[in-house]
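**Q** Here's the letter readout for the chains.
Number of protein chains: 6
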Amino acid sequence: MKPVCIRNISRAPAAIVDAFAHHNVATVHEAMGRIGLMKPYMRPVWPGAHIAGSAVTVLAQPGDNWMLHVAVEQCQTGDVLVVACTADCTDGMFGDLLATSLMARGVRGLVIDAGCRDVRDLQAMGFPVWSRAISAKGTVKATLGSVNIPVVCAGALVNPGDVVIADDDGVAVCPRSDAEAVLAAARTREANEVAKRKRLAAGELGLDIYNMRETLAKAGLVYRDYSNKS
Amino acid sequence: MKPVCIRNISRAPAAIVDAFAHHNVATVHEAMGRIGLMKPYMRPVWPGAHIAGSAVTVLAQPGDNWMLHVAVEQCQTGDVLVVACTADCTDGMFGDLLATSLMARGVRGLVIDAGCRDVRDLQAMGFPVWSRAISAKGTVKATLGSVNIPVVCAGALVNPGDVVIADDDGVAVCPRSDAEAVLAAARTREANEVAKRKRLAAGELGLDIYNMRETLAKAGLVYRDYSNKS
Amino acid sequence: MKPVCIRNISRAPAAIVDAFAHHNVATVHEAMGRIGLMKPYMRPVWPGAHIAGSAVTVLAQPGDNWMLHVAVEQCQTGDVLVVACTADCTDGMFGDLLATSLMARGVRGLVIDAGCRDVRDLQAMGFPVWSRAISAKGTVKATLGSVNIPVVCAGALVNPGDVVIADDDGVAVCPRSDAEAVLAAARTREANEVAKRKRLAAGELGLDIYNMRETLAKAGLVYRDYSNKS
Amino acid sequence: MKPVCIRNISRAPAAIVDAFAHHNVATVHEAMGRIGLMKPYMRPVWPGAHIAGSAVTVLAQPGDNWMLHVAVEQCQTGDVLVVACTADCTDGMFGDLLATSLMARGVRGLVIDAGCRDVRDLQAMGFPVWSRAISAKGTVKATLGSVNIPVVCAGALVNPGDVVIADDDGVAVCPRSDAEAVLAAARTREANEVAKRKRLAAGELGLDIYNMRETLAKAGLVYRDYSNKS
Amino acid sequence: MKPVCIRNISRAPAAIVDAFAHHNVATVHEAMGRIGLMKPYMRPVWPGAHIAGSAVTVLAQPGDNWMLHVAVEQCQTGDVLVVACTADCTDGMFGDLLATSLMARGVRGLVIDAGCRDVRDLQAMGFPVWSRAISAKGTVKATLGSVNIPVVCAGALVNPGDVVIADDDGVAVCPRSDAEAVLAAARTREANEVAKRKRLAAGELGLDIYNMRETLAKAGLVYRDYSNKS
Amino acid sequence: MKPVCIRNISRAPAAIVDAFAHHNVATVHEAMGRIGLMKPYMRPVWPGAHIAGSAVTVLAQPGDNWMLHVAVEQCQTGDVLVVACTADCTDGMFGDLLATSLMARGVRGLVIDAGCRDVRDLQAMGFPVWSRAISAKGTVKATLGSVNIPVVCAGALVNPGDVVIADDDGVAVCPRSDAEAVLAAARTREANEVAKRKRLAAGELGLDIYNMRETLAKAGLVYRDYSNKS
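Chains as they are written, first to last, in our numbering: chain A, 610 to 839; chain B, 610 to 839; chain C, 610 to 839; chain D, 610 to 839; chain E, 610 to 839; chain F, 610 to 839.
Okay, chain A solo, but in the shape it has when bound (with noise of 0.2 Å):
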């Protein structure tokens, strides 16, 4: 593998993009056919954020950020940059003032498979990071990587242009040529749980809107009455 950079990658319309920050991970990774989810390892540095976006991968060696940098330029309004590592690792390679850089671009939030520092002024910037570790160690610009080739992130495939939503229940990967339909799906998947909400808010039970009774018997379920031998 010889380090790239490639340019001008094709992403998905910003409308259906933009979308998918109305539904949260689960929801998507549940309109996916229960896939595309990053490992929960991956957890936000500070609560409360929820953001879709348009993937710029890198691949950069551990403890090095040097293609961070190179990856920045590539980034515009209403993107996600996803940094993944040829070998785990913790390091705290991005901070503030990586972060201030995103964010003139009008990047959406950092997804990082190593560590992040500076969480308290990211918190306060208001520019979201979801990582492995936080952790103040340095990192080295010493050793090319590559910047938007395909990633694997936390245990997920990660192509450039590739859809990326995170929430406080982690990060889903949703393929650009699959977006639309995904979203369609999710819609549909978040009408009806509305609808079931109400139905169990008002005491009906899952076993009975789910028809489950049945079933369990023909699986074996015995009840039993509790004694004290039991």
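Among these hints, one or two may not hold up.
Repeated chains share a single entry, so a pair holds when one copy, or any two copies, can fit it.
Pairs of lysine to aspartate or glutamate residues, derived as EDC-like cross-links and limited to a Cα-Cα distance of at most 20 Å, are as follows [unchecked claim]:
1) 807 - 817
2) 611 - 639
3) 807 - 682
4) 805 - 639
5) 750 - 787
6) 805 - 730
Calculated from the structure, these hints are not laboratory results.
Chain A is already provided as a structure; the job is to place chains B, C, D, E and F on it using the hints.
**A** For chains B, C, D, E and F alone, coordinates are given in the frame of chain A:
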């Protein structure tokens, strides 16, 4: 083991269960003789909740939340749902819909040795959850487990009807038959601590309050002044 | 190793120690030459605190907080208590009573390579703690350790009297003899960053500010336009 | 909980206990209905051993092996010593001296949810140990625990007198009262597997032996030929 | 994502695939430009095996090995079965029966991002497995996944037909289209290393062989003699 | 910290260093007063080696093995190379080429708080390594570190010239100045254990040999006979 759902479990008297919520997890654990804690990986998904309730227990297959729906029907006001899995799992086996259903039945919270999702909604709803992970990963409803059998949850044995206490420090479990005695011991302990806290705040040393100086000397502790060569 | 408690340790001048609190952990770590950090598993038990102080050190047995009581007496205003264990431990070796005692002596915070409990009370009291875990697990007072000997805490060597800086990014340790020089370097570094932050906020790229383009090209980075086959 | 040492526990008949050693852990676990396993972090400190025995249980304080000495006296020929701790611990709480003592009493092996040391000597002596860690870290003898009470060891509930089976796959626990029935089920299962193994070795497919094709189709599995665009 | 089983995948020429087995994982990884490795938690369940083969891929639900049975039918001589899960899992999803079936089809080994059981039998049979865990935990056959779609296994992207190389150092994946070029690069690299190994064995220093002295000096390395004050 | 390579370090007398190899890590650790151990995650990459030697230390950047080449030149017969990293790292920073070079200089082994590769070759060569991981991940040679400064390796402070002892139980470090005294204590301890081992093998109980019965009773241990209700 045949899958089973036990109905009509015994619970400790409500007055006793409710009184536990005035004591924190650390106090209850000490009052029990320094046992009965779940592992510290069990963390609240949002901070600040403090509950006590009667355990309704679930043994679920990892990644399968079918039995949670079965368990909801067995819950009543004042209960805490406790979910163990047959193998380690971080999937998001619980979210806002199940929480809506449990709240409709007066359940006080959930303790789950797996993942939880919709954490922001749960905080907005005021439904507290202690879990080993936060994950948007969806689950299936395919394989039976059991409800209200003894389970091992995060390293602690939980029998149905045991008192579960949870706060920002973690989760403790008090056997139903010991509840009254443990509650009394917790009260004594807390009263005792109030006095100590005052003395410590006034600058008295634990060394003196607990009469440690002689024991330390007997055990061989030597005091020496600092020198640059030390 | 005989158990020992060293009295009257040397500390850096108060003016220098206090000045460190104006610089964050990441800055101090960089100013030291990218060393001196504790591992990132050391996290604040409540967010927002930022302290600097002189280290009083403890080497404790895992699950035994006897020596913490010994150490309290050696603390004075402006100190930070640093607790290392002879083996990995997550037990709640510290809680609100010890915090009350430390606050009465003017101690600024605790750094403990073990667990901490009563976290909600600690936040209410405004006493900051950095720990590897939150756990209600109680401890014994049975076996001696030492106070104010050099310890390894979360991967960092801490000598008594070293300056400890802690914020939401983690914990750094600056040797007492280097404190003045590191502080000066931190100041220079921070001044330098203010200027950079402005340029980045105005849309200038790190690539240009740091003159990276030539070095990247020399290292072999190739730019290429995106194609669907790439 | 008052510290206690229970004497003269009940055990399953020797013929039944011994017969378990002809079945591996996976088989016994399946015969029990896919339960009763300790967590997979419990690993043999040397490979190749396969034992079954009656559990003598210990609840110890982390880093304190005092109660192991108490437990030795309660052991008899055919037993397996099972050690749980009140908090996670990797210290080397067991070594060649205790092994010598246990071998002198006819104990078949040790299962310890903590660390073990002298692993090379243990292999030379032929004394098998399953532990969560290998560590030379020494322990104290300072705080009481209990012997022959129910314990949770590596996530599994173990009552004194239960049958413990351990091999290179891990450790399983069969309640004493279920031992005979589980043994019978294990035998049936194994006989059944011999036949299947022959058919599979001859090239028959599991898809056909287990009649999966129809169920897979009904569940919605689609077969498609590979194309470069897939 | 609809569950699918892709038949008749393309593979690299047998001569090329087979030749990879003469090179170890580290060499292949370097020849690819230091990429293509699975995470180091993937370990052989028994030591000493070294294989190369064409990937048949499975995306399975955690704790559910149904799709492995589907995949067996798609395997042919010279293949390596690669199993990814939709969430982290350590259950024993593979054992001696499936190994018997795979051996009957000429499959060279298994790479599974989950647990494996019957490890002693597998060693006796000579069937090599790389897994993230050893666990006797049994699995269900209840939920569909897919066969021969691109999967992320232990952090590496694997497309069906890619070349998988595995030895005691871990597992590498070489894209099918790059196989010939990578093989050539591996050969060159290995030849180069033979010469270096001789020079190093003769006492020549890497500092001189790689001409590092000047670069080190330029980077600022200072040599100094030891003093007791250093 | 300026990068530096310290030459001509002091070592303990060869006769003393060599004598340590007759004592295992657990014994040395106990003889030092139960300190000086590296964390138990440090494991031999192949079993059965037992070495003692003088530490040559390296502080390296994670994923960068440049300084190992610098360190080789500082090694002499009887040394053990000890490598620490400035941040957690599992990359394969050491392999058969560096081992060849170290063997040519008479180095007895490597202790590295990072990954190691070529483990099969290392076993064939008889060069022992203790590491935190096995990984084929290659490294760069881009950023300076230091040689023969004090380092923290796997939680233990190592000064250049300290005695390093390693066996299947782990790694211990004895300060150079304490080497003679610790060696004497280890000898005494071992002699003492021989006698105990004989008595234990003859069936005497530790309870009696160590006179524990009275202390246990005083501490409150109660003996009770088993009943089915206990």
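**Q** Are there hints from earlier that the structure breaks, and if so, what are their numbers?
**A** Of the numbered hints, just 5 does not hold.
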